[in-house]
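Enquirer: These protein sequence lines map, in sequence, to chains A and B.
This note's numbering puts the first residue of the first sequence at 750, with every later residue one more than the last.
This note's numbering puts the first residue of the second sequence at 750, with every later residue one more than the last.
Keep in mind that a hint or two might mislead.
Calculated cross-link-like contacts (lysine-lysine; reagent style DSSO-like; alpha-carbon spacing at most 27 angstroms) [claimed, not checked]:
1. A:LYS838 - B:LYS787
2. B:LYS787 - A:LYS762
3. A:LYS856 - B:LYS825
4. A:LYS838 - A:LYS778
5. B:LYS836 - A:LYS778
These aren't lab readings, by the way, just hints derived from the structure by calculation.
There are 2 protein chains.
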Amino acid sequence: MYLCLMYSSELIKGTLKTIVLKLLSDNQKMYGYEITQKVKELTGDKIQITEGALYPSLHSLEAEGILSTETVNIGKRVRKYYSLTKKGKGTSHEKVSEFADFMNTMKFLLDIRPQV
Amino acid sequence: MYLCLMYSSELIKGTLKTIVLKLLSDNQKMYGYEITQKVKELTGDKIQITEGALYPSLHSLEAEGILSTETVNIGKRVRKYYSLTKKGKGTSHEKVSEFADFMNTMKFLLDIRPQV
DNA sequence: AAAGATACATAAGTTTCTTATGTATATAAG
DNA sequence: CTTATATACATAAGAAACTTATGTATCTTT
């Protein structure tokens with residue numbers, strides 16, 4: 750069986766928002782750094798979300814009205830919690846369902862072996 | 750159960766080369782247009798590879814030594830067949846295996862429901 | 001005191017795709 | 001017969017999403 754340390758970056762492209770929305774639908778509220786660590790932990794380091802990818806993505810989801818934010822002071826440091834809006838909960842389910850459907854299609858496509 | 754007509758374009762990003770390499774590992778040789786039609790057919794129009802994406806991708810795979818080409822004249826028209834080189838056969842298996850591994854990881858990641 | 005972890009942010013550059021355009025032949029429809 | 005659609009290639013401009021690099025600042029461990 751095949752095992753790799755980390756996936757090639759093209760593979761992960763397009764899945765970032767789905768992952769973030771799913772985590773937020775399971776955890777009510779999370780902050781950016783927490784999301785990066787959670788994904789690293791849950792995937793055994795196979796998927797590592799970089800901050801340069803995550804923060805702009807969170808900002809755009811907020812601008813779309815999918816996420817709302819709450820800023821909390823931790824000592825002298827600021828922590829920005831994100832949570833799904835009502836609209837965001839719908840978007841989250843749609844994205845996860847779409848990805849599940851996509852995985853079925855890809856599984857079918859990559860399993861076929863006609864001529865050879 | 751969720752069903753969609755076509756996947757959002759971000760989702761498909763990064764999977765094009767994997768799909769092409771898998772088709773070529775099952776069919777020995779195919780030409781560009783044939784690949785677009787085959788994918789459309791096999792996925793019930795859910796994945797539609799555009800020629801603007803496919804041809805540059807085929808060219809770069811050829812430049813990397815993963816594909817080799819053979820030009821055939823069909824009447825007055827030209828058809829360019831692509832097939833996997835020896836190196837390409839290895840790459841094809843790797844890409845498909847990597848994607849299968851990635852799907853397992855994503856399935857796990859998107860199924861988790863702890864706190865809620 | 002320094003190194004590493006926590007925590008945010010942005011900007012330049014790259015890759016990969018979409019959309020548009022171009023060329024040309026073959027076939028089906030009106 | 002001529003127009004639309006399908007076949008078959010190709011490239012180029014622009015958009016989107018990421019990587020890599022950089023910046024700021026605090027907290028904790030060594």
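Enquirer: Does each hint fit the structure? Answer for all of them.
Expert: Hints and how they fare:
1. Between A:LYS838 and B:LYS787, the direct Cα distance comes to roughly 36 angstroms. Violation of the 27 angstroms bound is thereby established for this hinted pair.
2. For a cut-off of 27 angstroms, the pair hint linking B:LYS787 to A:LYS762 stands: about 24 angstroms separates their Cα positions.
3. Note on A:LYS856 and B:LYS825: the hinted pairing is violated, with a Cα-Cα distance of about 39 angstroms set against a maximum of 27 angstroms.
4. Between A:LYS838 and A:LYS778, the direct Cα distance comes to roughly 12 angstroms. Compliance with the 27 angstroms bound is thereby established for this hinted pair.
5. Proposed proximity of B:LYS836 and A:LYS778 is contradicted: the alpha carbons are some 47 angstroms apart, above 27 angstroms.
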